[in-house]
Amino acid sequence: MADNALIQKIKPTVAASPHFKSHETSQGMMLDVIIALVPALVASVWIFGPRALAVNAVSVVSCVLFEYITRKLLKRDNTIKDLSAVVTGLLLAFNLPSTLPLWMIPIGAFVAIVVVKQFFGGIGQNFVNPALMGRIVLMVSFAGPMSKWVEPYKWGETVDAVTTATPLFEIQNGTTPTPDLLDMLIGQRAGCLGETCAIALIIGGLYLLIRKVISPSIPLTFIGTVAVFMLIAGKGDPNYLAYNLLGGGLLIGAIFMATDYATCPLTSKGKIIYGIGCGLVAALIRQFGSYNEGVSFAIILMNLLVPHIDNLTKLKPFGYIKEKKQKEAKAE
Amino acid sequence: MLKHIAGVLSPAARGRGGVKVPHNKNTEDCKIIRMPAPEKVVLPMQQHLGAPCTPTVKVGDTVKVGQIIGDSDKFISAPIHASISGKVTAIADTVLANGRQAPAVTIESDGEMALFDGIEIPVVNNADDFRKAVRDSGLVGLGGAGFPSHVKFALSPDKPIDTIVVNAAECEPHITVDYRECLDNTLYIIRSLMIIKEYLNIPHAVIAVEDNKPAAIVKLQKVADEVGDGSIKVMALKSRYPQGAEKMIVYSATGRKIPLGKLPADVGIIVMNVTSTAFIGRYLETGKPLVSRSLTVDGSAIIKPQNVRVPIGTNLNELIDFCGGFKPDLDKVIAGGPMMGTALVNTNVPIIKSYNAVLAFSKGTLREKPDNNCIRCGRCSQVCPMGLMPTNIMRSVKVRDFDGLKQSNVIACMQCGTCAYACPAGRPLVQYVVLAKDMLREEGAKNG
Numbered sequence: 001m002a003d004n005a006l007i008q009k010i011k012p013t014v015a016a017s018p019h020f021k022s023h024e025t026s027q028g029m030m031l032d033v034i035i036a037l038v039p040a041l042v043a044s045v046w047i048f049g050p051r052a053l054a055v056n057a058v059s060v061v062s063c064v065l066f067e068y069i070t071r072k073l074l075k076r077d078n079t080i081k082d083l084s085a086v087v088t089g090l091l092l093a094f095n096l097p098s099t100l101p102l103w104m105i106p107i108g109a110f111v112a113i114v115v116v117k118q119f120f121g122g123i124g125q126n127f128v129n130p131a132l133m134g135r136i137v138l139m140v141s142f143a144g145p146m147s148k149w150v151e152p153y154k155w156g157e158t159v160d161a162v163t164t165a166t167p168l169f170e171i172q173n174g175t176t177p178t179p180d181l182l183d184m185l186i187g188q189r190a191g192c193l194g195e196t197c198a199i200a201l202i203i204g205g206l207y208l209l210i211r212k213v214i215s216p217s218i219p220l221t222f223i224g225t226v227a228v229f230m231l232i233a234g235k236g237d238p239n240y241l242a243y244n245l246l247g248g249g250l251l252i253g254a255i256f257m258a259t260d261y262a263t264c265p266l267t268s269k270g271k272i273i274y275g276i277g278c279g280l281v282a283a284l285i286r287q288f289g290s291y292n293e294g295v296s297f298a299i300i301l302m303n304l305l306v307p308h309i310d311n312l313t314k315l316k317p318f319g320y321i322k323e324k325k326q327k328e329a330k331a332e
Numbered sequence: 001m002l003k004h005i006a007g008v009l010s011p012a013a014r015g016r017g018g019v020k021v022p023h024n025k026n027t028e029d030c031k032i033i034r035m036p037a038p039e040k041v042v043l044p045m046q047q048h049l050g051a052p053c054t055p056t057v058k059v060g061d062t063v064k065v066g067q068i069i070g071d072s073d074k075f076i077s078a079p080i081h082a083s084i085s086g087k088v089t090a091i092a093d094t095v096l097a098n099g100r101q102a103p104a105v106t107i108e109s110d111g112e113m114a115l116f117d118g119i120e121i122p123v124v125n126n127a128d129d130f131r132k133a134v135r136d137s138g139l140v141g142l143g144g145a146g147f148p149s150h151v152k153f154a155l156s157p158d159k160p161i162d163t164i165v166v167n168a169a170e171c172e173p174h175i176t177v178d179y180r181e182c183l184d185n186t187l188y189i190i191r192s193l194m195i196i197k198e199y200l201n202i203p204h205a206v207i208a209v210e211d212n213k214p215a216a217i218v219k220l221q222k223v224a225d226e227v228g229d230g231s232i233k234v235m236a237l238k239s240r241y242p243q244g245a246e247k248m249i250v251y252s253a254t255g256r257k258i259p260l261g262k263l264p265a266d267v268g269i270i271v272m273n274v275t276s277t278a279f280i281g282r283y284l285e286t287g288k289p290l291v292s293r294s295l296t297v298d299g300s301a302i303i304k305p306q307n308v309r310v311p312i313g314t315n316l317n318e319l320i321d322f323c324g325g326f327k328p329d330l331d332k333v334i335a336g337g338p339m340m341g342t343a344l345v346n347t348n349v350p351i352i353k354s355y356n357a358v359l360a361f362s363k364g365t366l367r368e369k370p371d372n373n374c375i376r377c378g379r380c381s382q383v384c385p386m387g388l389m390p391t392n393i394m395r396s397v398k399v400r401d402f403d404g405l406k407q408s409n410v411i412a413c414m415q416c417g418t419c420a421y422a423c424p425a426g427r428p429l430v431q432y433v434v435l436a437k438d439m440l441r442e443e444g445a446k447n448g
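As you go down the protein sequences, you meet chains X and Z in turn.
Straight run, no breaks: the first sequence in our numbering ends on number 332.
Straight run, no breaks: the second sequence in our numbering ends on number 448.
Honestly, the hints are just simulated from the structure, not real lab data.
Small disclaimer: the values here were computed from a predicted structure and weren't measured.
Ideal placement from N, C-alpha and C gives every residue a C-beta, glycine not left out.
Just so you know, not all the hints are guaranteed correct.
These stretches of chain Z come out as covered by chain X in the derived footprint (C-beta under 8 Å, 3 or more residues) [said to hold, decoys possible]: (1) 17 to 27; (2) 427 to 440.
With beta-carbon atoms standing in for the labels, derived distance ranges [claimed, not checked]: (3) Z/R441 - X/P216: 37 to 43 Å; (4) Z/A445 - X/L312: 28 to 34 Å; (5) Z/A445 - X/I232: 58 to 64 Å; (6) Z/Q431 - X/N78: 22 to 28 Å; (7) Z/T365 - X/D77: 24 to 30 Å; (8) Z/L263 - X/I35: 46 to 52 Å; (9) Z/D93 - X/I35: 54 to 60 Å; (10) Z/P328 - X/V14: 16 to 22 Å; (11) X/I199 - Z/D329: 33 to 39 Å; (12) Z/P22 - X/K72: 34 to 40 Å; (13) Z/D438 - X/P216: 37 to 43 Å; (14) Z/D329 - X/K72: 32 to 38 Å.
Using 25 Å as the maximum straight-line C-alpha spacing, the simulated DSS-like pairs for lysine-lysine come out as follows [what the hints assert, rightly or not]: (15) Z/K238 - X/K212; (16) Z/K327 - X/K75; (17) Z/K87 - Z/K288; (18) Z/K197 - Z/K222; (19) Z/K197 - Z/K132; (20) Z/K257 - X/K314; (21) Z/K31 - Z/K363; (22) Z/K363 - X/K11; (23) Z/K159 - X/K322; (24) X/K21 - Z/K363; (25) X/K21 - Z/K25; (26) Z/K327 - Z/K369; (27) X/K75 - Z/K369; (28) X/K21 - Z/K369; (29) Z/K327 - X/K11; (30) X/K21 - Z/K327; (31) Z/K197 - Z/K288; (32) Z/K363 - X/K81; (33) Z/K197 - Z/K219; (34) Z/K262 - Z/K74; (35) X/K11 - Z/K304; (36) Z/K369 - X/K212; (37) X/K21 - Z/K437; (38) X/K314 - Z/K398; (39) Z/K363 - Z/K20; (40) X/K21 - X/K81.
Pulled out of the complex, with its shape left as it was, chain X reads as follows (with noise of 0.2 Å):
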């Protein structure tokens, strides 16, 4: 029979099924994380000049050649085609002052490719934010160059950087911010490279949901959280409650950083509650911490209650029965 021996030649592909498969891969959705993130890149540059532009490159560069070394050194697989190490070097990079030397923004990559990630099995095994512990560990290693803030950057002028205070320390410490609320939305105030500019931030957020690459949950309990919090401590004061949405970097932590997959909570019950544990922490920081900035700490120390809130919010199967149902049945 004909067909018999062409199947004996071929040798056809054998896999469990399903056989179709959708055309969603984990790298298009990290490509639709780096579109979500051109905005706020532009942004930086635009803020913040060519020194801007510096610091995202370094990142971007030393996270891929971290993720391409290790793998190799490991003996696994080339991963760096998934983007995964580009979406960390960009968020790395948004999470730093413009004006950080820049030989030290590889040890930040060090420790948020090689330590985070690789060491714990690379993509979607790191049980924190790569790019948060890689910035944590820069600010406790050089506190003063990862906390020296600078005025946004005058195209055209040739004066030097001068260096001032963030709105959020501003307005924590009870003066009046100097950037009014417009310039807050467009970013132009001083700050971590990737924050600043709200309307940026906010426009990736919304690629990102219409995408459906993230759940809006997270975003809205973090910052529905913190407003909430923050009009309180305000004692209802708008400026307050604006100031302290718009500034530091709440809105990349909740829309970038805390949707991170690997180290959120996989269901939407879940998702909710680490969302308000991240805005609930991150405000208490802000405003009883002796540190103004609460958003990386908050999102880190949810990270690693993550498993924890995984377990308490597992998904009831279709016609689950409640157990108290289930004894009831039992005793009839």
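Take the given structure of chain X and dock chain Z to it, following the hints.
Relative to the frame of chain X, chain Z by itself:
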């Protein structure tokens, strides 16, 4: 197309999880054509779920179409009939498409296709006669599961049945035999339903069709209005895989949730495949048992895709030859649909009662994803119609966490493949589920 009939049909938008899969119903306009009877058929004694049959014929016997050649005295079983007339030439083990071996009766044709003299129109006067007739017909679920149909009709007095749901969802891509049955044998479907309702005293019947088959919905509705007494409802369900899964279709069509580990009968429902339903109607009028079935032969590597009716036991290769053969760039052959079917290594296998399709795909026409790390995106849990968490099951299998597996309710998984379809990392989640079930079985056996 469906908008203007929606008012008549009240489509149920209910349902949970699931994914949109490409329909690829290429053969929907192909009427089922009969394949000439083969020279030889091989009839395995296990073509259904439940107890295997034992051969009732000997080598050298002459048999005719419709004559019983294998039967069992167990309740969950169905007799097997000769599908061609001729001589029994061997009773020996044969390899089935799933790789298992089963004893089989080989019949070589005498070219006559003569009907067995003992075939007569069954006399049905009550529920017991009806159940006996269904058993004698050799009918098993023709939608793919192959569960002996008469077992479903064995009603228990403490579980009254009020609705019969006819599953015409056909949510698997490519397959169109149920759709053709709805269009070409509509009358049998409705008549059969009337009879089942009458003998088993079931007040309601729902024929549930996915809304991507408007022609079938219109035709069924028309015939149900003409012939039926108004107790048969045709319902359009959202086209969403796995809409045709038993628990899903019951929920979508009636809003009732079948509790974990229970059967449709526990919520007062019988689910019947539409082709099986039509078969009962035909059998009660002709008395000809289940000796042939229709299959969709389709896919990018099939030269002439079409719907074909073949005698049961026909060699799969002969069916492929009848459809023009494979294209030379063949990559994968699948028995069943692309979501739940089995990829075949060997096409030299007999066609059994529960197969509804043979698909073959050329190289590069099936989207492949590299098997990457799980990124914990949670897509698998979002789409799982049973509300399970496939990524947790996978993790438990990897670290052999038996407690985790027991809590994961993996037993409730029907292996519909929705999770693995949606997984962006290309994880073989269904394979992990199968491993998980095996692990639990082993562990259970160890603990006695």
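**OP:** Find the hints from earlier in the document that the structure breaks and name them by number, from lowest to highest.
**Re:** 11, 16, 21
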